Structure formats: C-alpha cells, structure tokens
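Construct all of the structure, not just a fragment, from the sequences and the given hints.
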Amino acid sequence: MIDFLTALALVLVIEGVFMALFPHRLRQVLAMLDDLPPEMLRIGGLSAAAAGVLFVWLLRG
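Heads up: the sequence shown begins at 738 in this note's numbering, then just goes up one per residue.
To be clear, the hints were calculated from the coordinates, so they are not data collected in a lab. Model, not experiment: these values are computed from the prediction. Accuracy of the hints is not assured; some may be wrong.
[To be verified] Pair by pair, the computed Cβ-Cβ distance ranges are:
no. : residue 1 : residue 2 : range
1   : Ala-788   : Asp-740   : 15 to 23 Å
2   : Asp-771   : Trp-794   : 29 to 37 Å
3   : Glu-776   : Val-750   : 28 to 36 Å
4   : Leu-796   : Asp-772   : 28 to 36 Å
5   : Ala-744   : Ile-780   : 19 to 27 Å
6   : Arg-797   : Asp-771   : 34 to 42 Å
7   : Asp-772   : Ile-739   : 37 to 45 Å
8   : Leu-795   : Asp-772   : 30 to 38 Å
9   : Gly-782   : Ala-746   : 14 to 22 Å
10  : Gly-781   : Met-756   : 16 to 24 Å
11  : Met-769   : Arg-797   : 27 to 35 Å
12  : Pro-760   : Trp-794   : 28 to 36 Å
In this text, a Cβ means the ideal position worked out from N, Cα and C, and glycines have one as well.
In structure tokens, the structure reads:
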C-alpha cells in the first residue's frame, strides 16, 4: 500500500512540475486531446497503462 501511495505522490509531483514549467504548452496539449476521438484516447490510455505495468514488473521483478 505504501508503494501505491508513493507512486500516486510521484504522479502528482510530475504533473505539478509540468503545470508549473509549461502551462501554455499544457493547454495546447489538452486542446489537441479534445480533438481526438474517444477510441484513440482509450487506446492511448490502455497502452500507457500496459507500459507502466511492464516497467513496474521489470523494475520490481
């Protein structure tokens, strides 16, 4: 459970850094995401989740 909460905290740190350093670019990216069809977003999200699971598996073995 501690590992999960640590991972969640790191996600917040990374997102916060991007928002602080690149607020204009973040708005542009969000606008581009708004133009994508839901299927593409779903595939991208599932791909990112699968890559994350793979990286955790490789690191934690």
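How the hints compare with the structure:
1. Between Ala-788 and Asp-740 the C-beta distance comes to about 18 Å, which sits within the given range of 15 to 23 Å.
2. In this structure, Asp-771 and Trp-794 meet the distance hint of 29 to 37 Å, their C-beta atoms being roughly 33 Å apart.
3. With their beta carbons about 31 Å apart, Glu-776 and Val-750 fall inside the hinted range of 28 to 36 Å.
4. Distance hint check: the CB atoms of Leu-796 and Asp-772 are about 34 Å apart, consistent with the given range 28 to 36 Å.
5. Our hint of 19 to 27 Å for Ala-744 and Ile-780 holds, since their Cβ atoms are close to 23 Å apart.
6. Arg-797 and Asp-771 have their C-beta atoms about 35 Å apart, which keeps the hinted 34 to 42 Å range intact.
7. Roughly 39 Å separates the CB atoms of Asp-772 and Ile-739, a value that falls within the hinted 37 to 45 Å.
8. Range check, Leu-795 to Asp-772: about 34 Å between beta-carbon atoms, so the 30 to 38 Å window is met.
9. At about 21 Å, the beta-carbon gap between Gly-782 and Ala-746 stays in the expected band of 14 to 22 Å.
10. Take Gly-781 and Met-756: their Cβ atoms lie about 20 Å apart, and the range 16 to 24 Å holds.
11. Checked against the hint of 27 to 35 Å, the C-beta distance between Met-769 and Arg-797 comes to roughly 33 Å, which is consistent with it.
12. In this structure the hint that Pro-760 and Trp-794 lie 28 to 36 Å apart at CB holds, the actual value being about 34 Å.
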